[in-house]
Amino acid sequence: MAPTSASGDQPSDKDNWDNGRLARRQQLLTEIVLRNKLTTLVFDGDTMCRVLEQVLLRSYGVQTQGVDNGRDAIALIAFGAKFNLIIIKKILPIMNGLEADSLNGSGCKILGVTACSGESERQAFLAIGVDVFIEKPLDPEHLVPILRELDG
Amino acid sequence: MLGLDADRLRADLNRLLAFLFHQGILDEQYLQLQQLQDESSPNFVSEVVNIYFHESEKLLRNLRSLLMDREFSDYDKMGIHLNQFIGSSSSIGAKRVRNVCVAFRAASDQNNRAGCLRALELLEHEYCILKNKLHELFQ
Chain A
1 MAPTSASGDQ
11 PSDKDNWDNG
21 RLARRQQLLT
31 EIVLRNKLTT
41 LVFDGDTMCR
51 VLEQVLLRSY
61 GVQTQGVDNG
71 RDAIALIAFG
81 AKFNLIIIKK
91 ILPIMNGLEA
101 DSLNGSGCKI
111 LGVTACSGES
121 ERQAFLAIGV
131 DVFIEKPLDP
141 EHLVPILREL
151 DG
Chain B
1 MLGLDADRLR
11 ADLNRLLAFL
21 FHQGILDEQY
31 LQLQQLQDES
41 SPNFVSEVVN
51 IYFHESEKLL
61 RNLRSLLMDR
71 EFSDYDKMGI
81 HLNQFIGSSS
91 SIGAKRVRNV
101 CVAFRAASDQ
111 NNRAGCLRAL
121 ELLEHEYCIL
131 KNKLHELFQ
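In the order they appear, the protein sequences are chains A and B.
Quick note: the first sequence uses full-length UniProt numbering, first residue 1, plus one each step.
Quick note: the second sequence uses full-length UniProt numbering, first residue 1, plus one each step.
Watch out, some of these pointers could steer you wrong.
Stated by the list, open to error - List time: in silico DMTMM-like cross-link candidates among lysine to aspartate or glutamate, alpha-carbon distance up to 20 angstroms:
| no. | chain 1 | residue 1 | chain 2 | residue 2 |
| --- | --- | --- | --- | --- |
| 1 | B | LYS58 | B | GLU124 |
| 2 | B | LYS77 | B | GLU121 |
| 3 | B | LYS77 | A | GLU121 |
| 4 | A | LYS90 | B | ASP76 |
| 5 | A | LYS90 | A | GLU135 |
| 6 | B | LYS58 | A | ASP68 |
| 7 | A | LYS109 | A | ASP151 |
| 8 | A | LYS109 | A | GLU149 |
| 9 | A | LYS90 | B | ASP109 |
| 10 | A | LYS90 | A | GLU149 |
| 11 | B | LYS58 | B | GLU47 |
| 12 | B | LYS131 | B | GLU121 |
| 13 | B | LYS131 | B | GLU39 |
| 14 | B | LYS77 | A | ASP68 |
What the hints assert, rightly or not - Covered, in the sense of this in silico footprint (three residues per stretch, anywhere, with C-beta under 8 angstroms from a C-beta of chain A), are these stretches of chain B:
| no. | region |
| --- | --- |
| 15 | 29-40 |
| 16 | 51-59 |
| 17 | 80-89 |
Unchecked claim - Residues of chain A clear of chain B, computed beta-carbon distances all greater than 10 angstroms:
| no. | residue |
| --- | --- |
| 18 | ILE32 |
| 19 | THR47 |
| 20 | PHE79 |
| 21 | GLY80 |
| 22 | ASN84 |
| 23 | PHE133 |
| 24 | PRO140 |
| 25 | ASP151 |
Hints are computed from structural coordinates only; laboratory data are not their basis.
Idealized CB from N, CA, C, for every residue including glycine.
All chains should be built: construct the whole structure from the sequences, respecting the hints.
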């Protein structure tokens, strides 16, 4: 039987080992309310990670579309689907500087997530115009500021 | 009476969770999962954990069969499996398993077969501990 969540729940014996970050995360999860309808494309070949990223985004009221392969991701973007935020796990072949620029121009943010980042991978992502680059897992501390910025 | 039992159960679960955190077996990301669970998806955490078990066991089988092959040389392939394992472990907060995968990947990057074998043993061991503890949580 898994403990169910309740935003008011703060058992006292949890307080010491997480340095207060639990409280901060609960705050982040419950406090943000988006004014606009935001849409996100989540490209991640790993089912578990993709599903969790989508669930997290939906908990903020963000509409999400998930793809598990590069071909589908490219097709969606090429055929004009509009997204406020694109979350990518690896570099799509078409995402050279040109494509990323045209996406960036429309106010779309690109967030790269990776399992294990080395400097070279980080540089490769930044070189193609990714706005932010983080190590998995996707968490509210990184996501909320981005959503707030997109919301205006 | 019912209230007392529920409180005791909750206290036991919290103690187990606190233990898992102190041991570094789970990290805050697991709490993230709990927060995503609500009335509309009351089994969310256990469902995610079951998917994780399923995927992890497949990955472990793949890693073992790669390394057991005497002719083995495809470290790139091993790296891909390990990246997936690192990603999914991070996503549910399986900290110790993730850390062993990272060390495993370092050995793989250096084409160090003996190091990989050692890491695989440790990984199977850590995964076993995690699985048992998570089963306890969900009983």
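Now the hints, each set against the structure:
no., hint, in the structure
1, LYS58(B) <-> GLU124(B), "12 angstroms, holds"
2, LYS77(B) <-> GLU121(B), "19 angstroms, holds"
3, LYS77(B) <-> GLU121(A), "17 angstroms, holds"
4, LYS90(A) <-> ASP76(B), "16 angstroms, holds"
5, LYS90(A) <-> GLU135(A), "12 angstroms, holds"
6, LYS58(B) <-> ASP68(A), "18 angstroms, holds"
7, LYS109(A) <-> ASP151(A), "12 angstroms, holds"
8, LYS109(A) <-> GLU149(A), "10 angstroms, holds"
9, LYS90(A) <-> ASP109(B), "19 angstroms, holds"
10, LYS90(A) <-> GLU149(A), "23 angstroms, violated"
11, LYS58(B) <-> GLU47(B), "17 angstroms, holds"
12, LYS131(B) <-> GLU121(B), "15 angstroms, holds"
13, LYS131(B) <-> GLU39(B), "26 angstroms, violated"
14, LYS77(B) <-> ASP68(A), "19 angstroms, holds"
15, 29-40, "holds (count 9)"
16, 51-59, "holds (count 3)"
17, 80-89, "holds (count 5)"
18, ILE32, "13 angstroms, holds"
19, THR47, "7 angstroms, violated"
20, PHE79, "28 angstroms, holds"
21, GLY80, "30 angstroms, holds"
22, ASN84, "21 angstroms, holds"
23, PHE133, "15 angstroms, holds"
24, PRO140, "7 angstroms, violated"
25, ASP151, "21 angstroms, holds"
When held up to the earlier numbered hints, the structure conflicts with 10, 13, 19 and 24 and fits the remainder.
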